[in-house]
Structure formats: structure tokens, C-alpha cells
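Peer 1: Residues per chain are reported as follows:
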Amino acid sequence: MAENSAVETATEPAAKPSKGFIKSFFDFFGGRTLRLNNDLGAMGIFFFRSFFMIFRIKQIPEIISQVYFIGAKSAQIVLLVGFFTGMVLGLQLYFVLVKFGSVGVLGTAIALTLIREMGPVLAAIMITARAGSAMTAEIGIQRISEQIDALSTMRIDPLGYLVSPRIAAAVISFPILTTFFDLIGIIGAWFSGCVLLGVNSGTYFYRVVASTAIDDITGGYYKSIVFGLLVVTICCFQGFFTHMRTDSFGAKSVSLSTTSAVVISCVMILVSDYVVTSFIVNV
Amino acid sequence: MDEQRQPLIEFRGVSKTFGTRNILNKIDFSIYEGEVSTLIGLSGTGKSVTLKHIIGMLQPDEGEILFRGKAINKMSKAEWNEYIGQISYMFQSNALFDSLTVFENVAMPLKYASKLKKKEIEKRAMARIEQTELTEVFDKYPSEISGGMQKRAALARALVTDPGIVLFDEPTTGQDPIRKNAILGMVAEYQKRFGFTALLISHEIPDVYFISNRILALYDRKIVFQGDPEEFESLDHPFRQELISSLESLGEELTGLYSKRHFKVRYQSDLSQRRPDATYAAAVFTIDDIDRISADLGHDVSQQIIRSLGSYINKHFGAVGGFSSRQTINEYATVLPYSDIEEAERIMRDFTRDFQEHGMGGIEAAMANENKSEECVDFSVLAGLAQGKPQIEIESVMEFARFNQKEIAQFSCARGGKAS
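Chains as they are written, first to last, in our numbering: chain Y, 3 to 285; chain V, 4 to 423.
If you're looking for bench data, these hints aren't it; they were derived computationally from the structure.
C-beta atoms are modelled at their ideal positions from N, C-alpha and C, and glycine is treated no differently.
Hints may be right or wrong, so weigh each one.
[What the hints assert, rightly or not] Capping the alpha-carbon separation at 27 Å, the derived lysine-lysine pairs in DSSO-like fashion look like this:
{"no.": "1", "chain 1": "V", "residue 1": "Lys77", "chain 2": "V", "residue 2": "Lys183"}
{"no.": "2", "chain 1": "Y", "residue 1": "Lys75", "chain 2": "V", "residue 2": "Lys122"}
{"no.": "3", "chain 1": "V", "residue 1": "Lys143", "chain 2": "V", "residue 2": "Lys183"}
{"no.": "4", "chain 1": "V", "residue 1": "Lys143", "chain 2": "Y", "residue 2": "Lys60"}
{"no.": "5", "chain 1": "V", "residue 1": "Lys114", "chain 2": "V", "residue 2": "Lys73"}
{"no.": "6", "chain 1": "Y", "residue 1": "Lys60", "chain 2": "V", "residue 2": "Lys195"}
{"no.": "7", "chain 1": "V", "residue 1": "Lys183", "chain 2": "V", "residue 2": "Lys55"}
{"no.": "8", "chain 1": "V", "residue 1": "Lys263", "chain 2": "V", "residue 2": "Lys195"}
{"no.": "9", "chain 1": "Y", "residue 1": "Lys60", "chain 2": "Y", "residue 2": "Lys75"}
{"no.": "10", "chain 1": "V", "residue 1": "Lys121", "chain 2": "V", "residue 2": "Lys183"}
{"no.": "11", "chain 1": "Y", "residue 1": "Lys254", "chain 2": "V", "residue 2": "Lys118"}
{"no.": "12", "chain 1": "V", "residue 1": "Lys29", "chain 2": "V", "residue 2": "Lys55"}
{"no.": "13", "chain 1": "V", "residue 1": "Lys195", "chain 2": "V", "residue 2": "Lys126"}
{"no.": "14", "chain 1": "Y", "residue 1": "Lys60", "chain 2": "V", "residue 2": "Lys29"}
{"no.": "15", "chain 1": "V", "residue 1": "Lys114", "chain 2": "V", "residue 2": "Lys126"}
{"no.": "16", "chain 1": "V", "residue 1": "Lys263", "chain 2": "V", "residue 2": "Lys392"}
{"no.": "17", "chain 1": "V", "residue 1": "Lys73", "chain 2": "V", "residue 2": "Lys225"}
{"no.": "18", "chain 1": "Y", "residue 1": "Lys60", "chain 2": "V", "residue 2": "Lys73"}
{"no.": "19", "chain 1": "V", "residue 1": "Lys143", "chain 2": "V", "residue 2": "Lys126"}
{"no.": "20", "chain 1": "V", "residue 1": "Lys318", "chain 2": "V", "residue 2": "Lys29"}
{"no.": "21", "chain 1": "Y", "residue 1": "Lys60", "chain 2": "V", "residue 2": "Lys118"}
{"no.": "22", "chain 1": "V", "residue 1": "Lys122", "chain 2": "V", "residue 2": "Lys73"}
{"no.": "23", "chain 1": "V", "residue 1": "Lys225", "chain 2": "V", "residue 2": "Lys195"}
{"no.": "24", "chain 1": "V", "residue 1": "Lys143", "chain 2": "V", "residue 2": "Lys121"}
{"no.": "25", "chain 1": "V", "residue 1": "Lys120", "chain 2": "Y", "residue 2": "Lys60"}
{"no.": "26", "chain 1": "Y", "residue 1": "Lys60", "chain 2": "V", "residue 2": "Lys122"}
{"no.": "27", "chain 1": "V", "residue 1": "Lys114", "chain 2": "Y", "residue 2": "Lys60"}
{"no.": "28", "chain 1": "V", "residue 1": "Lys318", "chain 2": "V", "residue 2": "Lys409"}
[Claimed, not checked] Just a few of them, taken from the derived set where beta-carbon distance is under 10 Å, the chain Y residues facing chain V:
{"no.": "29", "residue": "Ile143"}
{"no.": "30", "residue": "Glu148"}
{"no.": "31", "residue": "Ala152"}
{"no.": "32", "residue": "Ile158"}
{"no.": "33", "residue": "Arg247"}
{"no.": "34", "residue": "Ser255"}
[Said to hold, decoys possible] Simulated restraints, written as ranges between beta carbons of each label pair:
{"no.": "35", "chain 1": "V", "residue 1": "Ser79", "chain 2": "Y", "residue 2": "Asp41", "range": "29 to 37 Å"}
{"no.": "36", "chain 1": "Y", "residue 1": "Thr261", "chain 2": "V", "residue 2": "Lys77", "range": "36 to 44 Å"}
{"no.": "37", "chain 1": "Y", "residue 1": "Thr248", "chain 2": "V", "residue 2": "Lys120", "range": "44 to 52 Å"}
{"no.": "38", "chain 1": "Y", "residue 1": "Ser67", "chain 2": "V", "residue 2": "Ser149", "range": "24 to 32 Å"}
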């Protein structure tokens, strides 16, 4: 047995020469960087081609239909999440502020937190979960069942038909839903802070109104528009090119594209939140 | 003759490889204007890939595709738009939008790619829906209708723009025999009516022969034959062994009728051994005005009439050693190799009586069942007999039988849709 093993070992092919750490490092990260660069370029072209096709008369009914889907149908979940987020914020901030005897500024803390940051970010994440995933799945299925190819053969631009109305609808819906989130969040914090924990309601609402500047509101809207554009572009892009995936095919590729779309969208919301905030703060 | 005409679409040395798998290897073929060309081949040999090259969904790795002599990859944007605007494509999987109704699917190319008014779009879409017998399901979603109806909806969508070139990717897949023939008949009828150039992918051999001007055979990554269906029947190539023979034997077992090629083979094998002075009888049956039946009552009704006649012919003439074949869309030929003309006349009388009493009754019921609009079309069935000898060409004997044809059964609307 031992002899056999020795023979087998002797006949094994010689091991490949090592590439070296530096070369392996650049191979790995260089390849990834190039792929990322290609994907970002493709996504940029995808976005601009779709965006410029928004401005056509025939898009109006489709845009209205998408506003209903992205906006109206997401309102319930956004309101629910907004209310409980506000309640939790009210609760946490109350117990922090009470240590310093400054529960009177609860309204200020809630309003600025929600309007500047939490409202746009959480509303966008909720819309991604509800509408963004559905967009990817729908477009992905249309791709694998040749419906998108059929559009091309009918001389209908697939980007104009499928993506443009969604981009327009996102630009309309995201700020509106963010507003709802902010308002219901403020009410949620009032409920936990004032109704349950006894902070004066008049003081609370006075602080909310007095400490909120117009720049805070417009800053929140800028963010929600950027998030809307990002979410729709990423989700539609993932669905549109689901057939180009190399790791899976068919229904599996649609499911993985949907997962990727949600994960990438959420990450990009947080990354872009920092970038936009930097611009707003510096301006 | 083909060399004298300019092809409408021409493939020159087109190759296509996906990854390491070569699908098309320098294929050359031509499609001519106003003709129905059918691309046949085994599954997975690149027929759909070939079609997708024509509409630019795939680009060849090598070679070029010419439209009226101009390479499509060298066209300007305006030329490309004009070219692609003439083409409709019917997908193998139908590619209907499952979130839109049948009407919305059919109207889609007009709604988004034309400047027609809403009423005109509705009128044209509904006309196509009626022609494809989908009126009852126009407001249903694709998932709510049968596979056959989905196929017809895709056909209606492909034809709604009145295209100059229509590419049909297996239009009859998943259809029952009656609907399959109805769809092929519909393609032939629309092609005649609108004069478009059609390129079909089909496995329906020999049915596609009746509607095709040209057959293109794709085998082992090459076009191994292009020419008319008659020439294709005598093709000596392994492709014939693998595809044609199996399909024809199957067809024979199912219907009892022979394909045109088997009909000729059987004729030669049965009669070549006979003495030169031996006689046999031949009959030719024709349904007149089949186009009008298709147009007024629908393709399903016309196909039921044709099939009903075929089964009665097989029942009566097959019992005495006769063999039959469908020669054209509305004509059957029968050879009775061991019967003289007197015996053939006696069998014909029995056949006529049975067909009038039962066959036409069945057709009448089928018409009442299928024809919801209660329209009626007069038509008659003609039959003629002729005597032949082994040394005479079968075509000449059949021509003589056609000359002797007389009416054996009539369906008259004036008598309340009664047969006589």
C-alpha cells in the first residue's frame, strides 16, 4: 500500500508555479475593478437613455400607472413603518433628554432626525423592499420569456416602455412618500413622548415647527429624489439584464437578480446619503 | 430560375458560435419576395438563431446578411428603421405580455410604434382578432386562454401591422392537428391576400409543403438543401432518414393517409411488378371553394371538412387495398391498384351514399358547432375516376380523373344548410 502511494505521488503532475502575492492581488482586485467600472458605465448609459425617453406624450398613462404602483401602493407600509420609527425615536430620545432635563427639545430632535435623515432613508428602503423587488422580478420575467425581445421586434424601445415611466414615477413618488413618513413619524414620536410619557404637546409641536428650516425640508427632498433615481435604475437594470448573469439561468437568475437589486439598492441608499449630506452641509 | 431573381434576404457565409458551441457554419441561402419559405431541421440545430439574425437580435460572427443586396449591418439608421419596420416576428414561445389582455397585446405594435388614432387602432386590432377567431377571449389575459389561443393571439399581433416580411418561429407548436392545419392554412391565406414574404420554421412535414414555395433544410450547422418542395422530396441525404421518414411513418399511422412522397413510392412498388397491360383505377376528390369556406366560416371548419373527407376516403377505398394521399390543400388522390374501373365505380357509389348520409351530416354539425355567427357557405365535393396502366405516369392518370370529376355531394344553404 505504502509502495503504491509512493508510486502515485511520483506520477502526480508538478504543481503550478505560484503567481506571487502582488500579481494575485492585482489579478483579483484589478478584475473586480474593471467589472465594476463596466457595470457602472452600462448602468449610466441605461439610466440616461431611459431618462430622456420620459418626455413623450405617450408615457403619461404609463407614468400614472407606475405612480399608483410605486407610490400609492407603498403608502400603507411607509406609514406603518414611519409611525413605529417615530414612536421608538420618541421613546429613546425621551430617556436620553430626561437625564439632562431637556425633554422640551424632544420635538426639535425628532423633527431634524426624521426630516433630514431617517425619513428619506427609511422610506426609500421600504419602497425598495416593496416596489423595487417587484420591478426587478417583473422585468426579469419579461426578459426570460422573450417579452423584451418581442418589444424590440415591434419597434418599441424596451427602455422607453419599461424603464422610463418607472423613473418618472419614482421622482414623483419618493418625495411624497418621504413627506408622509416624516409626518407620521412626528405623530408617532408625539404619541410615545407626549401621550405615553407626559411631555407637553404644545412644547413638542412648537419645537417641531420652530426648529425646522426650509433647507432641512428641501435637503430631505433632494435625498429622496436621488434615492428614487438610484433604486429604480438599479432594480430595472438588474431585471433587464438578468439573462446576462453567469451564475444562474431562468427563474433562478430572476430570483438572484431580485436579491441583488434589493441589496445593492439599500447599500447605495446609505452610500449616497452620505455623499448628498456632505454636499448639503457644505453648501 | 432562382439565379435570375434578386433575393429579398440573402445569407452569405453566416457563422455563429455561442461560447465553444458552433451553431451555424458558413450558411448560405436566399429568400425571395412574395414567397413562403420554410426552414426545417432537427430541434436545437439553430433555426431560431437563424431567424433572430434577420431581425438583428443576433449578429453573425462571420459572413453577412443582405436585404435587397445591401448588408444589414452597413445600413444607416434610416435604412435600418425602414428595413426593420417591414418585419414582424412571431416567437416560438409567443412572447405575449402576460399582464395585458389579448386585445392589448394585439394592439400593442400599433399603439406604441405608429401614429394611428385610438379608434383606428381598435378597429385594426379587432379585425385581426376576429380573423384569428379570438373574439370571445379578446378581454382575457394570456394565462386565461389555451395554448392554441395564445398562439393565434401571437399570430394576430404579428400580422396587425400589415408587415412586408413575417418570420414565424414554429407557429404550429402545441396545436392539435385541426388547429395546426388551420394555422398553416391561415398563413397561406394571409400570404396570398396581403402578399407578404413569409419565412417559417416548422416541423410539420409534409403539411408545410402545401403552403411553401421553398424549403430550406438546416442540418449539421449547414443549409443542405434549398429549393421547391417537390425537389426536396427526392433529396438523398441523411437528413431525410432522420427527420422525414420518422415523421411520415407517424403521420401514416395516425391518419391512414400517405404523404405525397410515400404515395409515389407505394405507387411504384405496387405497380412496377404488374404486367404492362394490367389496369388499375385512380380517383381524385376535390372540395370546391375551400378559400371561401376558410374566409367566411373560419379555418377550423374548413380543416374539419377536409379531414372528414379524408377519413371517409380511407374508410371505403383503403378497405379494398387502395391508398390515398392529400395532394393539395383541398384535393385527395386515391389509387386502387387491384380494381378495374367498374369495381371502382361501385365503390364510389357506396362511398357517395355513405358520405352524403353520414359524412355531410357530421360536417353540418361541425359547422353549427364552430360557426357562432350562423353564416353559411354553399360548397360541393367533386370526384372523378380514371383507368390507368403501370407504364402511364400517375400524374397523367390523375389529370384524367380530374377531367372526369362531377359533383357527388353538395352542401346548400338554400335548403337550410342541408346536404344532398
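Peer 1: Could you work out which of the previously given hints the structure breaks and list their numbers from low to high?
Peer 2: 1, 2, 5, 6, 10, 11, 14, 18, 20, 22, 23, 33, 34
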